[in-house]
Amino acid sequence: MGENMNKVVVRKEDWPFLKGEKVKLKWIGEPFKKDNKWMFYAYFKGNKNTKKILLDWASIHFLSVGKYYTNGNLNGGEALEDKDIMDINLNGVKAEHKERNWEVLGTGFKDKTKSKTFNFSKGGVLYTIPIIEIIRAVLAPDKFMLNRILEMDTLENYFTYEIKESKLDIYFTSEYEKKLLNGSEKTNHLAWLLTNSSILKMFNTVGKNMWELGELEFDFLFERFSIKARVKKKESYIRVLEIVSLTKKRINVDEINIYHPGFQQTHTTNDVKKRIYVSKNSSSDRKLDSSSDGATKDSEQIDTFLIAHEYEKMTKINRVKSGRAVRRNKEDESTKKYAFEDKGLRTTADAGGQEMIKGLEFTNIESVEEKGELEEFVQVLKLLKKRRNIKSVEIIIGELQEGRTGKRFSRLNDGVTKRKYAIGKIVMIDGRECSLIEIEREDKALSMLMLKANSSVKWNWIYSRLLLGLVDESGKWSNEVIKKAEEQGILFYRSKHIKKGIYERAEHIYKISIV
1 MGENMNKVVV RKEDWPFLKG EKVKLKWIGE PFKKDNKWMF YAYFKGNKNT
51 KKILLDWASI HFLSVGKYYT NGNLNGGEAL EDKDIMDINL NGVKAEHKER
101 NWEVLGTGFK DKTKSKTFNF SKGGVLYTIP IIEIIRAVLA PDKFMLNRIL
151 EMDTLENYFT YEIKESKLDI YFTSEYEKKL LNGSEKTNHL AWLLTNSSIL
201 KMFNTVGKNM WELGELEFDF LFERFSIKAR VKKKESYIRV LEIVSLTKKR
251 INVDEINIYH PGFQQTHTTN DVKKRIYVSK NSSSDRKLDS SSDGATKDSE
301 QIDTFLIAHE YEKMTKINRV KSGRAVRRNK EDESTKKYAF EDKGLRTTAD
351 AGGQEMIKGL EFTNIESVEE KGELEEFVQV LKLLKKRRNI KSVEIIIGEL
401 QEGRTGKRFS RLNDGVTKRK YAIGKIVMID GRECSLIEIE REDKALSMLM
451 LKANSSVKWN WIYSRLLLGL VDESGKWSNE VIKKAEEQGI LFYRSKHIKK
501 GIYERAEHIY KISIV
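All letters in the sequence shown, in the order written, are residues 1 to 515 by full-length UniProt numbering.
Worth flagging that the hints you see were computed from the coordinates, not collected in a lab.
One should not assume that every hint holds.
As the list claims (entries may be wrong) - Computed beta-carbon distance windows for the label pairs:
#1 Glu255 to Glu156: 16 to 26 Å
#2 Ile85 to Gly46: 18 to 28 Å
#3 Tyr237 to Glu310: 50 to 60 Å
#4 Lys122 to Lys484: 46 to 56 Å
To be verified - Dumping the calculated EDC-like pairs for lysine to aspartate or glutamate here, alpha-carbon to alpha-carbon at most 20 Å:
#5 Lys167 to Glu21
#6 Lys484 to Glu433
#7 Lys452 to Asp414
Owing to the predicted nature of the structure, the values given are computational and were not obtained by experimental measurement.
Beta carbons: idealized from backbone N, C-alpha and C, even for Gly.
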C-alpha cells in the first residue's frame, strides 16, 4: 500500500482558467519531444470553453480523466461524477487492442488524435482500459519510471542486476538518487518488473515503439491482472477511468539486496564543516513550470507514489552498506555559508541540459554559442564542420553530476558553481563516428579525450561511465573505465592543452579522425 507522506501541493504555473473554477479533464494526448523533453497536452473543459495545457510527460502521474481540477492544483483532482469504485479480476482474459480516430475541439484548436484501449470480454461484460492508464498506474507509477519508459536502453545507466538462488541483487549507480530508495515502494515495484520477464518486455517495448513508430504501442502481456478502479458503468459495458490499486503483485524472488554508492557507514567527528547551504524558501507549494529545460535536483520532492500497489507477500529488502563517510559536526567563523533562494518551481521532466546523462540529447553545433573555458572547444567543432569529409558535427554541453566519492570535482574551485562538460560528436561521410570530451579545467592538467569506433557502440553508456568516473577519480580520467571501453573496440586518444590556436587544434583532430 502507499506509504504515508506529507501532502505537497503541486500547482501548474500559468493556469488559464478563472480562480476557483472547477475544470474537467477530458483527454490526455500522446507524448512528443519538445526542447529535449517529453511533453503532452492535457485537455480541460471549463464553464465556457475547453483549453489544452502543455505539460511535462511525467505530470501524467497526477492526472485522471473525468476528475475536476481547480487553480492548477494537479494532485488535488476531485471525482465529482463517475465515483463508482469496483474490483476487477481479469486473470487469464485475453486482451484485444483497439484504436479509433478521435477529435478534441476547443478554444483555437481542433486536434486529431487516437483513442487506444485494451478491451476484455468476461461474463458477458466488456471492459475497456486506456493503454495510457496501464502505463501511468501499472508499469510506471512514479516520476522516475515514467521518464524511463519512453527511453531506449537507459535503465543500465541507473543500475545493473542479477538474479540467482531466489535472490535479486540490484547495483545502483550514483545517477539513481539515493532518496528514491527511502521506503520500499519503488524498490518493490522495480523488483516486480525485473523478476517478471513478460512485464519487463512490455516496459521496454513502450520506449522502443515510441522511438521507432513515434506513438504509444505495446502488447498486453499480463497473465494475472487484478485491479481496483474508478469506473463508468453502462449496462454490459464498463470503462475504467482510473486505476487506484494494483493487487496481488508477485515478486518472483525471496530476497532483494540493493547496493548504492550512498549506502555508507557514517563516522562523526568534531572537525569543523567547510561549508553549509541554507535555503530561504518557506513555502510548501511546488509549482510546475513546463518551460524549464529539465529538472532541478529538488524536483524529486514531487516524485510521489500515488497508486496503491499490493503484493501477495512482502519480500525482504537488504540495504548493503559498502562505503564509509565522515560527518563533521561543528561550525565556526571559517565555515562558508551559501544561501540559495528556492522559488518552488519544479518540473516533472527529467534533467535535460542542466543535469547529465538522462537520455543525452545532441544539438547541431551551428546553433550553439558558449562563453568561458569551453568557448574554444565550440569554435574548433565549428571549424571541423566545414571539412568536406565530415557529414555532421553535434554537441552536448552539461554539468557534471556528483559521483560516489569525488563530489568536490563536480564543482569549480568556489565550491558552488557546477563544473561543465562538453561532448562533440563527429560523423564522417562514410558513417564512422568519433567523439570528443572536454571539461572545464580551471588550473587542472586534464587532457581532452577523443574516442573512435568502427562498429556500433552504446555511446551514451560510454559517456556516462567516463564522466562519472572522472568525478569519482577527483579530476582524472578513469583507467578502469577506459579499459572496459577499449574491450568494446573503442580507440582512445588524449590531447593535451598546449598553446595551439583553434586552427591547429582542428587540423590535429581532423587528421586523427580520418585515419
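Would you pick out the hints that fail for this structure and give their numbers low to high?
Violated: hints 3, 5, 7.
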